Amino acid sequence: MSLLRVQNVSRHFGSLVAVDQVSMTVEPGQLRAIIGPNGAGKTTFFNMISGFFPPTSGTIVFGEKDITAWPAHKRVAAGMARTFQVTEIFPELSVRENLRIPVEVAAGMRLRPWLSRAADAKIRERLDELLKMGSLVEKANRLVGELSHGDQRATEIMMSLALRPRLLLLDEPTAGMGDQETYDVTRLIRRLHREEKLTIVLIEHDMRVVFHLADRIMVLAEGAVLAEGTADEIAKDERVQAAYLGKTE
Amino acid sequence: MIARDKLAWNAVIWIVLLTMPYWMNAIGGYTELASRVVILGLAAMALNFLLGFTGVLSFGHAAYFGLGAYGAAMAIKFMLPSTPFAILVGVVVGTLAAAAVGALIVKLRGVYFAMVTIAFGQVFYFIAFRWNSVTGGDDGVTGWHREPLHLGFATIDILGNDKAFYYLVLLLFAAAAAVMAMLLRSPLGRTLIAIRENERRARFLGIPVEQHIWISFVISGGFAALAGTLYALLSNFTDPRSLHWTLSGNFVIMAVLGGMRSFWGPLIGAAIFVVLQDYVSSQTENWMSFIGLFFVLVVTFFPRGVLGIIKRRVAT
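Protein chains in written order, with my numbering: chain A, 5 to 253; chain B, 1036 to 1351.
Since the hints were made in silico from the structure, they are not lab data.
Careful, some of the hints might be misleading.
Negatives, chain B to chain A, calculated, CB over 12 Å [as the list claims (entries may be wrong)]:
1) Ala1046
2) Leu1053
3) Glu1067
4) Asn1167
5) Ser1168
6) Gly1187
7) Ile1193
8) Ala1229
9) Val1244
10) Gln1246
11) Gly1327
Below 27 Å or equal to it, Euclidean Cα-Cα: the simulated DSS-like pairs (lysine-lysine) are [unchecked claim]:
12) Lys240(A) to Lys126(A)
13) Lys1041(B) to Lys143(A)
14) Lys1041(B) to Lys1346(B)
15) Lys78(A) to Lys126(A)
16) Lys1142(B) to Lys78(A)
17) Lys1198(B) to Lys1112(B)
18) Lys143(A) to Lys1346(B)
19) Lys1041(B) to Lys126(A)
What you are looking at is a predicted structure, and each value in this text was computed from that prediction instead of being measured.
All C-beta atoms in this analysis are idealised placements derived from N, C-alpha and C, irrespective of residue type, glycine included.
Could you build the full structure based on these sequences and the hints that come with them?
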């Protein structure tokens, strides 16, 4: 049973066809990368999956449900979480407060006007666990807006993880990072995949990261699928080299 | 350290509020003025629940304040001469109106939201203004007064005794403040702050943003209505000005003046506004230009409001 089945989705912006009839199937436990040159429609594709906007045509099935017309928050409740190319966090709140909100949402408490001591203790326990997993313990009480880009990104990933998702979508998790930060974030993603058995789809520009992490790669170019396969197959694919690797490297 | 500061702040504010009727006269005020500070402070804090803690600007909160006032006045005049009943009717009417208007507008954002709240507010204003036979039109609802409180074992004369009425107002203010403070420290309150901080992130954390803004709008409108009932009871009278958009603007000024990121800021803003209005308006008719000037100075030099200045002083 596939976790995510995207069938022939297209997205038009006026006369521009940003994504044209793209299909993708993600199995549970996979770590899938989507690569492609700028303007290939990768983020548009992500936005349709996560419910940022609906596709012009095509269907998206998550688990057993057709979620094509669902609003974003409902997809999150069904187990889909995402990060953004430009980190989306709560910059004026501490790391702990940033994480606390999704932990409470995931616990089904978003409408609760009060919290019992016992429930609060449980939330704190989960928070400590997440802080440890994201290597954020020492920075827990700092404002996220004051942290380094890498730590902000780690916070955003852990916020998504706090939702206990079945599928995690990462839009360029290492964008704009130095070598050390890229290494740290890559290691975090691999740990989530290997140890937490999380299914992950990520968009990435850094080829070292892609070939290091992904077990399947999909290449988009000009809104359509150019190639799909394992890392080895993609590396050898001549069309991919011509359209993408050759051009940018 | 921060927790201790907060405790000290709360203590100072409650001591001032609890003793206000006893020194108000000494500094040239009067008990009714103290009641007005607390009532408008409550209205500004109610608005700020939405503005400061959910990040949504309403320019139409006088609608719920005024509906509370009309609800209370008309309940006593036409239905039952009882103060608690009047408060209940006013709060229910104002809250229901906020729920209905809120449901229609929660999809709007920013300046569009603010504009539509003004428009809805003016709808209620014109109904009150034009519907002479029911609302008394421009003259308002007159010929009634707040009723003494009958508690079974005792009767409290809140009609003849200004101080007694002040403490009734303060009691309800305390209850409202306690509820708002509790909500802001709850999971629900944290989702509202999340929406204020980053709506997109809130949405992609699984928070149905529109639903939560609606809830905040209704809570905010409900407490504004409570303030409105007390305002009508204070003067034994209400008229369409309690629904007018300029009053909505005054609530926003109070909140921003005092500091909309702080819980007590709007109360401080209301106190400054009301006292300044009282003093300056006895000297000149153009009192609003002084408040306007003061407002501009505060916003320009101290964007976190008066409480923001004091807090920074204390911190350094």
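Each hint tested on the structure:
Even its closest Cβ contact with chain A, about 24 Å, leaves Ala1046(B) beyond 12 Å, as expected for a residue assigned away from the interface. Remark: the non-interface label on Leu1053(B) is consistent with the geometry, its nearest Cβ contact in chain A lying 26 Å away (cut-off 12 Å). Glu1067(B), annotated as away from the interface, keeps every beta carbon of chain A farther than 12 Å; the closest lies near 34 Å. With a cut of 12 Å on Cβ distances, Asn1167(B) stays outside the contact zone with chain A, its closest approach being about 42 Å.
With 12 Å as the threshold on Cβ separation, the claim that Ser1168(B) sits away from chain A holds: the shortest Cβ distance comes to roughly 41 Å. At roughly 31 Å from the closest C-beta of chain A, the C-beta of Gly1187(B) stays outside 12 Å, upholding its exclusion from the interface. Ile1193(B), annotated as away from the interface, keeps every beta carbon of chain A farther than 12 Å; the closest lies near 30 Å. A beta-carbon of chain A is positioned within 12 Å of the beta-carbon of Ala1229(B); the least distance is around 5 Å.
Under the 12 Å C-beta cut-off, the non-interface status given to Val1244(B) relative to chain A is violated; the minimum distance is some 7 Å. Once the 12 Å rule is applied to beta carbons, Gln1246(B) is inconsistent with being away from chain A; the minimum gap is 9 Å. Gly1327(B), annotated as away from the interface, keeps every beta carbon of chain A farther than 12 Å; the closest lies near 29 Å. Using a Cα cut-off of 27 Å, the hinted pair Lys240(A) and Lys126(A) is violated, with the two alpha carbons roughly 50 Å apart.
A hinted pair counts as satisfied when its Cα atoms are at most 27 Å apart, and Lys1041(B) with Lys143(A) qualifies at roughly 23 Å. Between Lys1041(B) and Lys1346(B) the alpha-carbon distance is near 10 Å, which keeps this suggested pair within the 27 Å criterion. Note on Lys78(A) and Lys126(A): the hinted pairing holds, with a Cα-Cα distance of about 24 Å set against a maximum of 27 Å. Restraint check: the Cα-Cα separation between Lys1142(B) and Lys78(A) comes to about 17 Å, which is no more than 27 Å; the hinted pair holds.
Proposed proximity of Lys1198(B) and Lys1112(B) is supported: the alpha carbons are some 24 Å apart, at most 27 Å. Simply put, Lys143(A) and Lys1346(B) have alpha-carbon atoms about 25 Å apart, close enough for the 27 Å limit, and the pair holds. Under the criterion of a C-alpha separation no larger than 27 Å, the hint pairing Lys1041(B) with Lys126(A) is consistent with the structure, at around 26 Å.
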